[in-house]
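Based on the hints, put chain Y in the right spot on chain X.
Here the protein sequences line up with chains X and Y, keeping their order. Residue 147 in this note's numbering sits at position 147 of the first sequence, and the numbers go up by one each step. Residue 1033 in this note's numbering sits at position 33 of the second sequence, and the numbers go up by one each step.
Just to be clear, a hint being listed does not mean it is correct.
Chain X regions said to be covered by chain Y (calculated; three or more residues, Cβ under 8 Å) [stated by the list, open to error]:
{"#": "1", "stretch": "102-116"}
{"#": "2", "stretch": "167-178"}
{"#": "3", "stretch": "330-343"}
{"#": "4", "stretch": "387-394"}
Facing chain Y, a subset of chain X residues (Cβ under 8 Å, in silico) [what the hints assert, rightly or not]:
{"#": "5", "residue": "Pro181"}
{"#": "6", "residue": "Arg252"}
{"#": "7", "residue": "Tyr264"}
{"#": "8", "residue": "Arg327"}
Treat the hints as calculated values from the structure; they're not laboratory data. Cβ coordinates follow ideal geometry from the N, Cα and C atoms, glycine included.
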Amino acid sequence: MVEKSVMEINERIMDGSVRVVTADKMSEIVKELGPEEAAREVDVVTTGTFGAMCSSGVFMNFGHADPPIKMQKVWLNNVEAYTGVAAVDAYIWATQLSEDRGMEYGGGHVIEDLVAEKSVELRATAYGTDCYPRKEIETAITIEDLNQATMINPRNAYQRYRVATNSSDRTLYSYMGTLLPEYRNATYCGAGSLSPLFNDPDFETIGIGTRIFLCGAKGYVIGMGTQHEPINKLGTIMVQGNLKKMRTEFLRAAIFQKYGTTLYLGIGIPIPVLNEGIAKKTGISDEDILTEVLDYGIARRSRPVLRKVSYEELKSGSIDINGKEVRTSPLSSYFMAKKVADELKTWIEKGAFMITQPVERLPRDTVLKPMKQSRELPLVKDVMISEEEVVKINEDATIEEAAHVMIEGQFTHLPIISDDGKLVGIVTAWDISKAVAKKYERLEEIMTRRVITTDSEEPLVLVVRKLEKYNISALPVIDRDKKVKGIVTSDRISKLVGGRRRL
Amino acid sequence: MKVLLRYSSVTSKEPHIAKVILETKAMINIVRANVSPVGGETVLDVSDDKYEEVVELFRSRGVDVILLPDPILLDEKRCFQCGVCISACPVAALRLLEGWR
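Here chain X stands alone, though its shape is the one from the complex (with noise of 0.2 Å):
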């Protein structure tokens, strides 16, 4: 039986006779050792994670100005920030985009300019008051000219993460990263068995008040992260540091192409080896966690779960679903990771930082529920023009019998359909006004082969934003085999606005 204290293993800290290791040695250790001589011989595991942690952001105070000006609106470089704090306080986050510079520059970018000590436009409006006259204020600062500039993000640090991969026949573009179609790639986040909360899951040192190393600085744990779920290994933590104290390193804007700006952070947690359990959970390693892979192809809440995967596999580059090999890379940075661990256990060496006891623990049991939606959501087989409306025409027609077809039952839009019925086209009325100016006289000349397609279950949300990404008017729906089952029209969609007004 190995017992010790926080107080016991500060007071090792401050003697210097402290045993500190990072994580992923530690899984070595106890394998060798076992947990009970593990705990023996080591005091702190060091943990540490480097990825992309949207909600993140500063809370800042500015000072008053002369004459004073109660804040209404803020923008930092043109990256608009919160108020409503009070006069002149506003919390900037990572991923707000700049008004002028759209995803090129975001909330992330003003946050490590400030890091980095380069100037930053500040501009506010206000709508005046009394004891608040001024309407409106342009000015340059910089971090140091801040009274206070507090990072407070609400959710970092998760667990683990999900892994992304795409089996639609197009391109995505996520917080995962570019998702190449059919499976061509997968990607993850988290830093296995360095991640910080997997080497204590039930939450038994980390807690609030824990002191962690937060981006170069000391920062500490405030409390469980939103969307905290430790049941299913989610958990999330809360946590505070003073970003005047941070480094550059550890701090990093990013830019996901075509989803936006986020900002990258170091944080590392020291784990006090208690007693042997702790021990026991802190030699986990990459082969124990498992995560599941999802399908983003699916634009929905729920996507479908491919498999079970676990980080061993997934950082040897290649993982398999469904039979085919799917190359894998990570979002966040394990070279970073490990730099965290290693600083934060370098500071303990050295005494320069001390183990905390939380003052509180953090939830064990709290769930992420779905957003209470009160409104119905309309699917496209509530607007469709049914099965037994919609005109279609046989792939071997020709373009004259098109048009006449389009005239008679005013479609612009005509799904085309081999012998068995299976859509293998679409041509609208441009199409066929190309194929007059041109000369052309089949129907197969003209018509548009990779049809974007809906089905009669899919939330019309989600048509409206296929037509807006494609720049097309109208979506054949149909069914597994290919049937063509109906056409969704952007006339439709638009009575639908304009009738019950429910979008």
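Leaving out everything else, chain Y in the frame of chain X:
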């Protein structure tokens, strides 16, 4: 100018490049190709004078065309060795070195 063509399982069955060359008489060099019945990609070098016409024609045939005006650059100053570029690279040109760099 280089372009990347991306085919789906439907478009991969058509001889697009041959048809485009016949129609435009553009000088096209196939730099890289990886096409199977389920889809695939090719990288083409297209002569500058016919570039726009060729791109337009591929698009009208339902092929995804991604323009590659600049070679992809790795900015060492901004890179923090995450590795996300590796699996997203369609030509598998990137890999992690020892120590997860």
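Each hint, compared with the structure:
1. Residue count for the stretch 102-116 of chain X with a Cβ under 8 Å from a Cβ of chain Y: 0. That is fewer than the three needed, and the coverage hint is violated.
2. Figure legend: the stretch 167-178 of chain X, annotated as covered by chain Y; annotation consistent (5 residues with Cβ-Cβ distances under 8 Å, at least 3 required).
3. Counting residues of the stretch 330-343 of chain X whose CB falls under 8 Å from any CB of chain Y gives 8; the rule of at least 3 is met.
4. A count of 0 residues in the stretch 387-394 of chain X with a Cβ less than 8 Å from any Cβ of chain Y is obtained; the coverage claim is therefore unmet, three being the minimum.
5. Among the interface hints, the one on Pro181(X) holds; its C-beta lies about 7 Å from the nearest C-beta in chain Y, closer than the 8 Å criterion.
6. With its C-beta approaching chain Y no nearer than about 6 Å, Arg252(X) sits inside the 8 Å limit, and its interface hint holds.
7. Among the interface hints, the one on Tyr264(X) holds; its C-beta lies about 7 Å from the nearest C-beta in chain Y, closer than the 8 Å criterion.
8. The beta carbon of Arg327(X) comes within 4 Å of a beta carbon in chain Y, closer than 8 Å, and the hint placing it at the interface holds.
Hints 1 and 4 from the earlier list are contradicted by this structure; the remaining hints agree with it.
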